[in-house]
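Student: Sequence:
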Amino acid sequence: MSFNEKKKVWSLRYTPGNREADDIVSAIAREHGVSEMSAKLIYNRGYTCGESVKSFLEPLPDRLHDPYLMKDMDLAVKRIFEALSCGERITVYGDYDVDGVTAVTLIYLYLKSLGADVDYYIPSRSKEGYGLSQMSIDALKEKGTKLIVTVDTGITANDEAEYAKELGIDMVVTDHHECHATLPEACAVVNPHRPDCPYPFKELAGVGVVFKLACACEIWRAEQKAGDDFDRQACIEKIFNEYADLAAIGTVADVMPLVDENRIIVKRGLETLTDTEREGLAALIEAAINPQSGSAKPAVGDNAAVKKKKINAGFIGFALAPRINAAGRISSAEKAVELLLSTDVSTAREKAQELCEINLRRQKEENAIAEAAYKIIEETHDFENDRVIVINDDAWQQGIIGIVSSRITEKYGLPSILISFDGATKEGFAALDDVGKGSGRSIKGMNLVDALDYCKDLLVRFGGHELAAGLSVMRCNIEEFRRRINDYAKEHLTDDLSCIRFEADCEVEPKEVSIGMANEIALLEPFGVANPTPVFLIRDLTVNKVISMGAGKHSKLLLSSGDHSFQAVYFGMPASSLEFYPGEKIDVLCQINVNEFRGTSSVQLLVQDVRLSEMCEGEYDSEESRYREILDGAEFSGEENVLPTRSDIAEIYKFFRRENMSGHTMFTYRMLRSQLFEYSHMAINYAKLRFAISILGDIRVCGVAEESDKAVSVEVYKNAAKTNIELSETYKKLRDQCVC
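The letter at position 88 of the sequence shown is residue 88 when you use this note's numbering, and the numbering goes up by one with no holes.
Honestly, the hints are just simulated from the structure, not real lab data. Where is the CB? At the ideal position from N, CA and C, for every residue including glycine. Be careful, since some hints might not be right.
Pairs of lysine-lysine, DSS-like flavour, derived with a Cα cap of 25 Å [unchecked claim]:
1. Lys112 <-> Lys146
2. Lys8 <-> Lys710
3. Lys7 <-> Lys490
Taking CB as the label site, the calculated pair distances span [as the list claims (entries may be wrong)]:
4. Ser548 <-> Met682: 16 to 26 Å
5. Thr48 <-> His664: 55 to 65 Å
6. Leu631 <-> Tyr679: 51 to 61 Å
7. Met682 <-> Val739: 19 to 29 Å
8. Ser560 <-> Ile289: 26 to 36 Å
9. Asn660 <-> Glu479: 22 to 32 Å
10. Lys553 <-> Glu20: 43 to 53 Å
11. Ile289 <-> Leu631: 57 to 67 Å
12. Ser406 <-> Thr347: 56 to 66 Å
13. Ser406 <-> Ala551: 18 to 28 Å
14. Ser406 <-> Ile547: 28 to 38 Å
15. Ser52 <-> Lys444: 20 to 30 Å
Use the sequences and the hints to build the structure in full.
Tutor: Set out below in structure tokens:
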């Protein structure tokens, strides 16, 4: 079964009629002063009692947890301040993704503000790979490092921690990834996922853990200065106000659930970013808003575009994060850190432009790999039997295959693993013992790490999360690996792969959709994992026009219902691929937001999926049934408007002649009805259209070949003689059946 043949299934998270749910929704609306619609959205996200709803609606810093609840936090703070007092060189060692880059920047800035002798190190993705290595530790030893503070990495670096200790280098590990049974022997291991860690919120990003470390350090400083007479919350809020922007970027980019502390951090961070005082971030935001702007833009303070642009989580995820990430994928992640640390306006603009250019190179390479991968999949993948796509290539860039794997999984609805041997070939030619690096993405229903563990004897190494993982594998084991992981998937992947599932929050009436509603929805931001952007079902919207956008890659739909009109944008869906036509009624799953254009605000629908409305399908079924009855000799009244007139036939003939001149001879009846309405304002029912086409064939001005009940081939004869429709046997028969 191909992707395009999969059945679509829509579902609603909230439908009226469940008394318990209805009562909770009413109570939320009443007690918290929100609309019924907002109350439904809050209920759908799992907030049902008064305190949980209040925490969701008011994500305030006084709800942040005490950082010292995290295991080993006291030990980490103690060792850092020992290094500060002794003037020891501290190196912040981070990962090359956005979470790692922002974590490095945050703790580097904080330690620098304390007067620390501090630098940072991020390994090369292509040369060193993920995490700590003996090679990097040797380099830090040469530079005089006495303390390594890891951020977003290090939790599995047992051997490296021991090696560093042998060289006289201490280590404080801060991380948020899953722990192994044995932790590294470090001065402190700060990770909320430690089994013995009592910290109440486990889902912090790597930058979130570092944010808590900075809070703990600030509390320790205040306590040392003032004894018991200090404001603990003021210390936390000082760090919160200073660094929430960096923590927000890393948290959103690492796709962490936006609940509890993450929601508090990201909400404040977004507010800060909207009017940022960091020159590097201001330059990057401006470059993302105006990609062609170059470096001739004003600085922070007089940068109107930065101030007016409302920054939300989507902007981080789709504009800022890819640019920061691109540096670590195909260049050096330290370029991104340098940008975030920039205080000089011209330097910030220059580095922001450089990241944009790197990102363009990344996009170009990503698209090339994706197109090559799609071709391999279409030509070789067994969709009937294999539930996991596993493909490989010698030259794919390793820093990009993870992004392409995400695109493949989204496109085909299947787990995918891409493997690259870039840089791994022996002496310029392929060898069976070459070790390739792979990156995979999964779907709900198959834990990718568990699947890789099932194949672990075939792998050099692997690790990751339920839906995303990395691996290394020898070339000689790929075929067996492909077979083995598909065996696992057949046994464990229980989701119905014949269906593509879409879930909406609730149904709304067209008359409810307004700018006010869109603004109310925005009050529930930030949106992301665990607080998804609300999706609504709107039924029976009439399609007035379809407009191609973005060089044919996207579509704009002009829709209406009674007196209400809407613009809807369908990204990633070419107009030629739409399965509906102007004049038809459709049901739409969509997000609702406000579009700002040249100073004018309007409500806009962002389409997630579309289907022909039940009303429209029912009308078509009824019309087709009535056509069959009349074709079999049933009488019909003049009010049914079935008998074509001479002007009807002439207008339809002119339409076919025009279309034939453009090379079009094959038509579906639904397409014909829509195009006749669009081009000639001719409203025609199914039966009348079918009989009109038959009459054109009868009088021999067109060659007509019915392909099916849905489609017909019509070829206009050149130089056909003028004739009378009353000579048509179809017309004569219909005239006799018509009861006036």
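Student: Failing hints, ascending?
Tutor: 6, 9, 12
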